[in-house]
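Peer 1: What follows is each chain in one-letter form.
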Amino acid sequence: MIWIEGHLVSRGPGGVYGERMVQGLRVWDPKRSKLAALYHLGKGPELEQKDRVLYLGAANGTTVSHIADYTEVVYAVEHAPRPMQDLLVVAGQRKNIIPILADAGRPELYVPIVEMVDLIYQDVASPQQVDILIRNISFLEPDGNLVLILKPKSIDVTRSPQDVAQEALADLEEKGVLIQDQVWLLPNYPDHVVFLCKRS
Amino acid sequence: MESYWFGDREGQACRPAPNDSGLLAERIELLAGTGNVSIPNWRIAVRCGFVSDRSEYLRVLQEAAINLVIKNLERGYQADHSGLIQMVRMLEQVDCTINLLTERAVDWYRATRPGFSRKLLLPSGRKLITWLHRDADEALSEVLDEIERLIEQRTTLMKKVSQRAEEVLPNCSALAGGLVAARLAAEAGGIRELAMMPASSIQVLGAKQALFSHLSTGSPPPKHGVVYQHGRVHGARRENRGKVARTLSSKLAIAARIDYYRKELDREFIEKAAERIREAGRRA
Chain A
4 MIWIEGHLVS RGPGGVYGER MVQGLRVWDP KRSKLAALYH LGKGPELEQK
54 DRVLYLGAAN GTTVSHIADY TEVVYAVEHA PRPMQDLLVV AGQRKNIIPI
104 LADAGRPELY VPIVEMVDLI YQDVASPQQV DILIRNISFL EPDGNLVLIL
154 KPKSIDVTRS PQDVAQEALA DLEEKGVLIQ DQVWLLPNYP DHVVFLCKRS
Chain B
871 MESYWFGDRE GQACRPAPND SGLLAERIEL LAGTGNVSIP NWRIAVRCGF
921 VSDRSEYLRV LQEAAINLVI KNLERGYQAD HSGLIQMVRM LEQVDCTINL
971 LTERAVDWYR ATRPGFSRKL LLPSGRKLIT WLHRDADEAL SEVLDEIERL
1021 IEQRTTLMKK VSQRAEEVLP NCSALAGGLV AARLAAEAGG IRELAMMPAS
1071 SIQVLGAKQA LFSHLSTGSP PPKHGVVYQH GRVHGARREN RGKVARTLSS
1121 KLAIAARIDY YRKELDREFI EKAAERIREA GRRA
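Respectively, the protein sequence lines represent chains A and B.
Going by the numbering used here, the first sequence opens with residue 4, and the numbers climb by one from there.
Going by the numbering used here, the second sequence opens with residue 871, and the numbers climb by one from there.
I should point out that these hints are in silico values taken from the structure, not numbers from a laboratory.
Here a beta-carbon is modelled for each residue, glycine too, at the ideal position from N, C-alpha and C.
Among the hints, a few may not be true.
Beyond 12 Å from chain A on every Cβ pair, some chain B residues (computed) [stated by the list, open to error]: (1) 950; (2) 1013; (3) 1029; (4) 1111.
Distance condition first, Cα-Cα at most 30 Å in a straight line; then the derived DSSO-like pairs of lysine-lysine [unchecked claim]: (5) A:156 <-> B:1078; (6) A:98 <-> A:201; (7) A:34 <-> A:46; (8) A:34 <-> A:98; (9) B:997 <-> A:98; (10) A:201 <-> A:53.
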């Protein structure tokens, strides 16, 4: 990862969402992207030029554009039409973003085009977050990384986020995911926890 | 046989798919439907003679993927007639804007004419604008011109909404008029949503505030929302309005389902329904 004067940056064509530039590189704002927030906490997998990424919950393509700057190709899955229209514009400016309009919970719809990947990054607000990850795990190379941004409040608002996270963790381990680290995304994203995982 | 988005492979033999993003998008969709595809591998695509290298593979794939996304977006927007819903919302916003601007213009006028009082002023709407126009100063006149143009625009938009609704919601439009039908669909959140709604919900669509104040404080329930705009409802005697609104909504619920599933006008149903609604207005 490239750091300049305390800013996490990425190398690519700017102007995706009005991001700041430092020495010609795009500042990856931890307030706008949960993955950037994770890197600012000193955690998260090193992105490499050769990496292939499956991104679930791509939204408007803010984080997608930065990941695409670092990696070979990003398969960006988004279900909602409006953010997809923004994502299409971002994909049009880059050669290595493959947009997919589909529900991340139904990978059978995009299995024809997504190849085996080195990283699955998931950031979806769904009560079935754990299940969605499990359904997509067959796209992951045996030694690949999983980054799950868990939103406990999307699973159950009435319970404490810590309890929901613990339950999700147990659920993941039971379903063949090895959790190496868990990081609460404070201060930028209260009640968001990241699970850094591998296939077990 | 193994099928990939870029071709079919059988043992050593491999038949590449035609390299055209439109056809490839169709192929991807077809394959997704079969549920019997393997995770693709770009090396097979090269061996297949479909592309010459990795970067060409990604380029062709991106083009096909973007093509597919645009096709799906178009299809989605057409299926739920988002265009009509957006038109209705624009019409409502224009209405609201005209009222606000007119109010503001009257306030402005008042400040330049100490003898002016709203009490003396009988005309409303468009006539009010014309009235102000007679002796407004230059700056105000220019604004009034703009408001008048907006009112014209509103009329055009209203006709278009009505027209579209008659195509998209033929049965609802036949019962309640195009404009009311379109407003109901917009209020429900879509054509499909309207078709799924029980008649009792359709009856109070557009009366959200009254409905929730009824549910939370126990004030009398609303008799009607958007359906009030139908001539038979607001033309009915006060004590009869609830009944007319109820009958109309129950027929509209059926009409919405015919519109959504059968998509054609059912004259026999319309005649019977219209008779029932007339009947409801008659009985005291």
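Peer 1: Please go over all the hints and tell whether each is borne out by the structure.
Peer 2: Here is how each hint holds up against the structure:
no.	hint	verdict
1	950	violated (10 Å)
2	1013	holds (34 Å)
3	1029	holds (28 Å)
4	1111	holds (39 Å)
5	A:156 <-> B:1078	holds (28 Å)
6	A:98 <-> A:201	holds (28 Å)
7	A:34 <-> A:46	holds (16 Å)
8	A:34 <-> A:98	holds (26 Å)
9	B:997 <-> A:98	violated (58 Å)
10	A:201 <-> A:53	holds (18 Å)
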